[in-house]
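Trainee: Sequence:
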Amino acid sequence: MRRIVALSAVSSALALALAGCTPASEGAPSPGASSTVASQPAVTAGAGGGETSDPTTTVVEAQEPTTAYIARAKSQTVEVLTEPDGDGQITIRADAVLTVPDQTPLVFLVDQIQGSWVHVYLPVRPNGSMGWVAADDVVLSATDYRVDIALSEFELTVWDGEDKVLSTEIGLGTEDLPTPGGTYYIRELVQPPNPDGAYGPYAYGLSGYSPVLDEFAGGEAIIGIHGTNDPDSFGKAVSHGCIRLPNDVITEIVEQVGLPLGTPVYIEE
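So the sequence shown is numbered by the numbering used here: it starts at 1379 and just counts up by one.
Heads up, a few of these hints could be off.
As the list claims (entries may be wrong) - Per label pair, the in silico range of CB-to-CB distance:
hint, residue 1, residue 2, range
1, Pro-1571, Pro-1609, 18 to 26 Å
2, Ala-1528, Gln-1634, 20 to 28 Å
3, Gln-1634, Asn-1607, 49 to 57 Å
4, Asp-1515, Gln-1481, 17 to 25 Å
It should be emphasised that the hints constitute simulated quantities derived from the structure, not laboratory data. Beta carbons are placed, not taken as given, at the ideal position from N, Cα and C, and that holds for glycine.
When you get a sec, could you build the whole thing from the sequences and use the hints?
Mentor: See the structure below:
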């Protein structure tokens, strides 16, 4: 099942935090520009998966190797530990990592599950940060979707298990403002106010950040996957770090494929 919920207008927090998504010649969205946000709760979207009420190692081992697990926080704050039953590492707050925290679920990509503890990727700096959260603090779901990005080939591929859903040529970050490699996940889905603008009709905010920019347009320099009004940028290194897709492709991914929040995104190292 797929669900896209159009939310109330928000300000250009769409600067989103989407780092490096706008060419220097165009600038970032102007302060006060409105946008709407769409969210896809992980428990209602994704192929071949569903909500898991009893998260154990046995459950994980029973799934196909292509299955990824998503942990949705039950509240807007989650305490992350350095190890199971260990010391506190950090408190993740929805209002610190999401554009519309009261209407978008706070999710994490699961690395592994050990009894009553879940090891997850975190949407914080530095890229690749991980920690342990209590299974009682999250709801688990599963998806067979994943996104692979081949930097050397300027190619993005969406997979559903072993089946290729689609593949497209993309635009990437420049040598000085590179698209960072690593394991990430979709943290939110934003719908820009102008579908013909620099961000296209949709923009996914990922869990990763620019490796060289501390901020972008007054917000965190978050890496995103989005459409563009510059079709000549595909197959080239032209952005500040974000991944640009043809508008019809990002629309197909959002409206027809329906990737859930928390979908893993693997960017070639």
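Trainee: If you test the structure against every hint from before, which numbers come out violated?
Mentor: Failing hint: just 3.
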